[in-house]
Each structure stands twice: as C-alpha cells, then as structure tokens.
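There are 2 protein chains.
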Amino acid sequence: MNQTVIKSAFMALQDRICSDLEILDVEGKFKEDAWERPGGGGGKTRIIIGKTIEKGGVNFSAVEGLMPEKISTALGLEKTQFFATGVSIVLHAKNPFIPIIHMNVRYFETTHGTWWFGGGIDLTPHYIDEELASSFHQQLKNVCDKHASHYYSEFKKWADDYFYIKHRKETRGVGGIFFDRLDKTKGTKEDLFNFVMDVGNLFSTLYKEQVDANRDKAFSPINKDWQLHRRGRYVEFNLVWDRGTKFGLDTDGNIESILMSLPPESRWTYKHDFDEEEEKTLNLLKKDIDWVNRKAR
Amino acid sequence: MNQTVIKSAFMALQDRICSDLEILDVEGKFKEDAWERPGGGGGKTRIIIGKTIEKGGVNFSAVEGLMPEKISTALGLEKTQFFATGVSIVLHAKNPFIPIIHMNVRYFETTHGTWWFGGGIDLTPHYIDEELASSFHQQLKNVCDKHASHYYSEFKKWADDYFYIKHRKETRGVGGIFFDRLDKTKGTKEDLFNFVMDVGNLFSTLYKEQVDANRDKAFSPINKDWQLHRRGRYVEFNLVWDRGTKFGLDTDGNIESILMSLPPESRWTYKHDFDEEEEKTLNLLKKDIDWVNRKAR
Chain A
1 MNQTVIKSAF MALQDRICSD LEILDVEGKF KEDAWERPGG GGGKTRIIIG
51 KTIEKGGVNF SAVEGLMPEK ISTALGLEKT QFFATGVSIV LHAKNPFIPI
101 IHMNVRYFET THGTWWFGGG IDLTPHYIDE ELASSFHQQL KNVCDKHASH
151 YYSEFKKWAD DYFYIKHRKE TRGVGGIFFD RLDKTKGTKE DLFNFVMDVG
201 NLFSTLYKEQ VDANRDKAFS PINKDWQLHR RGRYVEFNLV WDRGTKFGLD
251 TDGNIESILM SLPPESRWTY KHDFDEEEEK TLNLLKKDID WVNRKAR
Chain B
1 MNQTVIKSAF MALQDRICSD LEILDVEGKF KEDAWERPGG GGGKTRIIIG
51 KTIEKGGVNF SAVEGLMPEK ISTALGLEKT QFFATGVSIV LHAKNPFIPI
101 IHMNVRYFET THGTWWFGGG IDLTPHYIDE ELASSFHQQL KNVCDKHASH
151 YYSEFKKWAD DYFYIKHRKE TRGVGGIFFD RLDKTKGTKE DLFNFVMDVG
201 NLFSTLYKEQ VDANRDKAFS PINKDWQLHR RGRYVEFNLV WDRGTKFGLD
251 TDGNIESILM SLPPESRWTY KHDFDEEEEK TLNLLKKDID WVNRKAR
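If you read the sequences in order, they're chains A and B.
Going by this note's numbering, the first sequence opens with residue 1, and the numbers climb by one from there.
Going by this note's numbering, the second sequence opens with residue 1, and the numbers climb by one from there.
Everything labelled a hint here was simulated from the structure, so no lab data went into it.
Among the hints, erroneous ones may be present.
Any copy, or any two copies together, can satisfy a pair, since identical chains are not distinguished.
[Said to hold, decoys possible] Listed next, the in silico DSS-like pairs over lysine-lysine satisfying Cα-Cα at most 25 Å (straight line):
id : residue 1 : residue 2
1  : K79       : K31
2  : K31       : K94
3  : K224      : K94
4  : K169      : K224
5  : K29       : K287
6  : K169      : K271
7  : K157      : K29
8  : K189      : K94
9  : K246      : K166
10 : K70       : K246
Because the structure is a prediction, the values reported are computed rather than measured.
Extracted from the complex, chain A is given alone in its bound form:
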C-alpha cells in the first residue's frame, strides 16, 4: 500500500464517478483541464455543464514537494517533503429540488513517516426532503458500520460541526460524514484505505437517488429564487469557513480548481422573505438531528 497505489485508485475513482455522472446527466460531458503544480505534481480538473447538472466539478490531484512553511510549522515538521492526493467533487443541479452535493477523499504523507486519510460526503438540499435525507444518512451509516461501529456517529457529528455557517447559525445542509487525520492510531493503512474507497464508491449511488427522486419535479420562479439564495449561503460557507478553500487560497493553490465549488449563479437580498416551505427547511438546518431514525418518527 504505497503512494502509487492510492494515487491510481483515486484516479480510477474520478474516472468511474465521471462516467456515472455523464450517464445520470444524459446530455452533459466532462471537459478535462490538466494542470501542473510548479512545486511538483498536478491534477485533472473535470467540469460538466449538463442538462441536469448546471455546474459540476470532479477534481483529482496528486501534488508533492517541499512542505509550505506555513503548514510545516503548524505541524511541527520542518524541511519535510510531502505528498498529497485526493478527489474533490461539488455538483450544483439546475432543479432546485435536487440538492448540492460534496464529496472529498484525500491522502497525505510526509518523508518523516507521517500519513493520514481524510474525506467525507455531505448534502445541501435547497428544500429538505426528510425521507431522502434519512436514506442518505442510512447509506453512509451502512458503509461506516462495515468498518467500525463508532465511525458513523463520530463522523456524522464531525460533519455537523464542520459544515456549520457560524455567522448564520445554520448548518450548511443536512450534513453527512466528515473525517480527517485517520492515521496509524486509527487502523492499518490498508483498512483505512478500504474505508475511504468505500466512501468514494458510494458517491454515485447517493447522488443518483437524490437526482432520480427530484429531476422531474416542476419548479416555480420562487423555488429558483430560493435556490439562488441558498447557493449564496454555500458561497458564504466556502469562502468564510471552509478550511480546505482557505488553505488553497493561502498557499497559492490552483485557484480555478479550488473555486470550482462555487455555484454557477447566486443571489443575496437583504432580509430575504420566505414562505412556509422554505421555513420548513430553515428549521431543519441544525446540528444533532438524528437523520437515520427521523423517518420513523
């Protein structure tokens, strides 16, 4: 289980997901933009502008080199070489009833012998469908349970805490799972790799369920307007609070690739009005909702 194996597995994951998404979208095709990092390594940014998916990015990267000073100091590791590889996805659909979805799997190691995995999947519906949110969480739980009984509750809480828009006192959406620094204290490299790959391989199934349940729903200008305002919140989270984005912007990363997560279009209105349907969603943007068992209530 070395760098090359993990990198190849992530590249293949990007390929599979892109292929799944093209089938799901029916019309859209990904355009690839390969890039190189001046300090070492590079990536393949793939963007889709489709029929169902208004704007989507499925990015692979594998970068290496001398650790940026900012990070090496924070980690207490000086003059170290690092290697980092990952797949990152954000999809914005046209239909306001289809949620925004985000996935990331990543692996990091240094020449000092440190290594870890991180990742997660989370869902941001513009309108929360409680059954679909429950099913989303149940499937994440199933994958987690295969690997360790404490994973789901731990990583679900981590997502609640991470995807929180502090200045709005709202969660970004219904959460999902989020984990970081899964290292040798948490399992063997093989076990953790298998877990991360299981998460990555679940992605297409999870998104397909959300799309198929909602793609034919008619929507009004009010629904579209609400979607654009909720996308505004997504922008606020990503630019103000997301550590991955901040890290990329601070370390002179590939800006266009980092900011592919931003929506195609968004709106802000001072104290925007909302109706009953929208209020129902707002009331569910809270931490610690037991989505798995909510359906049964």
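Mind docking chain B on chain A? Use the hints.
Here is chain B on its own, set in the frame of chain A:
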C-alpha cells in the same frame, strides 16, 4: 468635539447621501431597518432597490459597550468600554457600465482615551473607463490636498494594498483612498473630523459622475454576464479578505447589515472566457497605476 457631535454628523451624512441617491435613482426609495445591539447602541440600515441602483445599502451605526475580548487583547487594552460610529455604503447598479462603489467613514474611541478616525472611498468598475477613473482619483486628491499634501499618495497606496484580491492577483477595481487609525499623532480631532467629513461629503458627487456618464449606455447579455462574474470577485474579496467583514462575522455583528455589501446576483464559471473589452479591464486591475495623471498620457 465629542462622541455626540461626531455621531450626529454621521447620521446627518447618511440622511444627505440617501436623499442624493434617491434623486439620482429617480424611482427608488430607501427602506430603513433600525436595529439595536444587545451589548449597547444600534444602527439604521437603509436599503434601496431602485431603477438605476439594483441593490444599495447606506448604513449608519453607533455602538458602545465592553470591548470584545478578541479586540481588547489585540489592542492591549483590557476591560475597556468602547464607542464606535460610522457610515458604510455599497451600491450595485443594474447597468454593467456603472461601477460598484464603496464608502466608509468611521470613528472609534475607548474609555482609556484612545481615539481614531478611518474610512475611504473606492471604485470597482466592471469595465474601466480610464477618464472616469482619472476624474474619480483627481477629486479624491483635491479633497486630500486641502488637508495634507501627503494624504492622497499615502491613502491611495493604502487602498491599492487593501482592496487587493490576493488569490486572483487582481485589485478589486481602480482603488481610491483608504485610511485607518488617524489619531492624535496625525492631527487634532477637529482637523481629522473635518477631513473625514469632506471625504463623506464628496461621495454623492463622485457617484453621480459615474452614473450620469453611463446610465444611458446600452448593454448586451455579454456585458451583463461579465458584470455578474465581476460581482463574483467582489464577493470573493469581501468574504475572504475584507477585515471589516471578517471582524463583523467573528464578533457576532448584525449579519444582514454587514453582508448588505454582497451583490444582488453573481456568477462563477470555471475559467470564464472573455473578449478584448473585458481583457482591457483585467489588464488595469493592478496596483500603483497613477490614475490622476493617466488621462494625460
């Protein structure tokens, strides 16, 4: 020259500017939303959705109370009462040829005897008109020159450095002036107050010139699309780099009032294409352009 005088002058400035802008817009009227701060003081947020101005905010606030720990520690002042008052403006016009404009004047003092003024005006054209940019800077220079010969060059550079979108390697627009912590080492309270009020009082004239020169220009869908993408950059600056916004979000400020600066609508496209006209503007989003003397070139 006490708190009350400064506060009243800022309130009157808000009134005058709102009245000027309603005349300029012809149709739009400001709606006022008065708010109170739990810790002391409050403000009046005024929003216009007009014919020319698509979304604009002219905010007044005067807040006081115990200094938030985060700031008192940073300033080395513990258990201090503070008083802060200011007027903040951001205007987004419908016509892409009318620039976004921002103004702020502010006064801060503590019970320890510390006080200072800050503020500035800067312009963010979607399409840079070099003559209008030059005129904008010339008028700012005239006001600065009335007070101190070094003000304009110093505060113009400060604006270039402050309104810089580091991750894009672009200035936000053509800059203007920015200044902070003008305290007793820089002049008497009366002199600095007079300078700040002169800056505030110039605002309507500056904006009127930009609006009148551009309001009747026809624009294409390409121009509108470009405007929405440039507004995306404005969002990026305000959420990622603007210290005022960050401070507000960190200290649990009045969120809707702080974020009134965000545009009504914005767009992001992966590696967005642009034509010659747009490229001309991009090439001018640089620090250290001598706008005052540029017209003569």
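How do K157 and K29 come out at 25 Å by Cα distance, when the copy is not named: within, between, both, or neither? neither (35 Å within a copy, 46 Å between copies)
When no copy is named, should K169 and K224 be tagged within, between, both, or neither for a Cα gap of at most 25 Å? within (23 Å within a copy, 33 Å between copies)
Up to 25 Å between alpha-carbons, please classify K70 paired with K246: within, between, both or neither. both (13 Å within a copy, 21 Å between copies)
Pop the pair K189 and K94 into one bin, within, between, both or neither, using alpha-carbon distances up to 25 Å. So K189 and K94 fail the 25 Å test inside a copy (39 Å) and across (55 Å) alike.
Using 25 Å as the alpha-carbon threshold, which applies to K29 and K287: within, between, both, or neither? Neither, since 36 Å and 40 Å both go past 25 Å.
Measure nothing new, just compare the shortest in-copy and cross-copy C-alpha distances for K224 and K94 to 25 Å and report within, between, both or neither. Cα proximity of K224 and K94: in one copy and across copies (9 Å, 20 Å).
Give the relationship of K31 and K94 under a CA distance limit of 25 Å: within one copy only, between copies only, both, or neither. within (19 Å within a copy, 33 Å between copies)
Cα distance capped at 25 Å. Does K246 pair with K166 within a copy, between copies, both, or neither? both (16 Å within a copy, 12 Å between copies)
Treating 25 Å as the Cα threshold, decide for K169 and K271: within, between, both or neither. within (15 Å within a copy, 33 Å between copies)
25 Å Cα threshold - placement of K31 relative to K79: Neither: 37 Å inside a copy, 57 Å across copies.
Of the numbered hints stated above, those contradicted by the structure are hints 1, 5, 7, 8, listed in ascending order.
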